[in-house]
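Residues 437 to 676 in the working numbering are what the sequence shown spells out, letter by letter.
Keep in mind that the hints were calculated from the coordinates and are not lab data.
Wrong hints could be hidden among the right ones.
[Stated by the list, open to error] Here are the simulated BS3-like cross-link-like pairs (lysine-lysine), alpha carbons at most 27 Å apart as the crow flies: (1) Lys546 to Lys572; (2) Lys462 to Lys572; (3) Lys576 to Lys536; (4) Lys619 to Lys572; (5) Lys670 to Lys536; (6) Lys670 to Lys463; (7) Lys619 to Lys462; (8) Lys572 to Lys536; (9) Lys536 to Lys546; (10) Lys619 to Lys536; (11) Lys576 to Lys546; (12) Lys576 to Lys463.
Note that the coordinates shown come from a computational prediction; the quantities given were computed from them, not determined experimentally.
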Amino acid sequence: MMQILPAIDIIDGRCVRLTRGDYAQKKVYDASPVDMAARYADCGVTRIHLVDLDGARLSAPANLAVLEQIASRGEVETEWGGGIADETALRNVFDAGATKAIIGSVAALKPALFADWLTRFGADQLILGADVRDGKVAVKGWQESAGLSASALIAGFEGLQEVICTEISRDGMLGGPAFNLYKSLQTEFPSVAFTASGGISSMDDLRALDAMGMPRAIVGKAIYENRISLEEIKLWSQNG
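Kindly generate the complete structure, drawing on both the sequences and the hints.
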């Protein structure tokens with residue numbers, strides 16, 4: 437059964453959600469990231485998707501204290517993205533307790549550096565972030581285009597184990613995920629474990645992704661807006 441990864445997006449140490457990656461369309465939620473992580477752990481979730489939105493915009497991690505607090509509890513694995521622009525930042529993220537690091541901009545703009553990291557840090561610790569808008573990979577907090585497709589980006593690296601692909605136009609819109617995009621990528625890269633991200637609005641969306649063989653899916657706004665309940669996530673996780 438597909439693994440559900442609840443998303444916690446962070447600005448100024450608080451849980452937020454953006455719409456289509458637009459920082460001007462920010463909604464702040466009351467629960468703290470640490471409290472939300474604990475709630476998800478209580479539901480049987482084994483990995484949480486954490487995004488440092490300040491870090492993504494600043495090209496340097498800015499909310500590592502939150503990561504440290506979540507990781508120190510030892511309840512869930514954490515995948516962390518946002519602001520990992522150099523090796524110092526990458527090491528700082530791991531030192532703060534991240535289980536896996538998500539690399540997007542470096543992979544697209546400095547592929548030789550990312551290939552080197554895959555060799556030295558291990559493909560089991562690094563996740564490629566291939567987030568697309570209008571068919572092209574977006575970088576630097578989704579504020580710029582790298583000018584290449586997700587397929588071209590993924591094809592440039594050997595030994596990849598995991599890829600997160602967000603369809604940015606669907607992110608935060610609750611209009612359903614990009615099924616055709618994921619089906620195409622799965623067919624082209626059968627050895628890669630893909631994570632669907634963006635647009636998931638209901639358990640029906642999750643069941644449809646599961647039926648097409650997606651290994652993982654990230655759910656964010658649908659939880660905060662009560663489209664998907666913690667009880668439903670608990671039941672899914674228990675059956676997984």
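Tested hints:
no.	hint	in the structure
1	Lys546 to Lys572	16 Å, holds
2	Lys462 to Lys572	24 Å, holds
3	Lys576 to Lys536	19 Å, holds
4	Lys619 to Lys572	17 Å, holds
5	Lys670 to Lys536	23 Å, holds
6	Lys670 to Lys463	25 Å, holds
7	Lys619 to Lys462	30 Å, violated
8	Lys572 to Lys536	24 Å, holds
9	Lys536 to Lys546	19 Å, holds
10	Lys619 to Lys536	24 Å, holds
11	Lys576 to Lys546	12 Å, holds
12	Lys576 to Lys463	21 Å, holds
Checked against the numbered hints given earlier, this structure breaks only hint 7.
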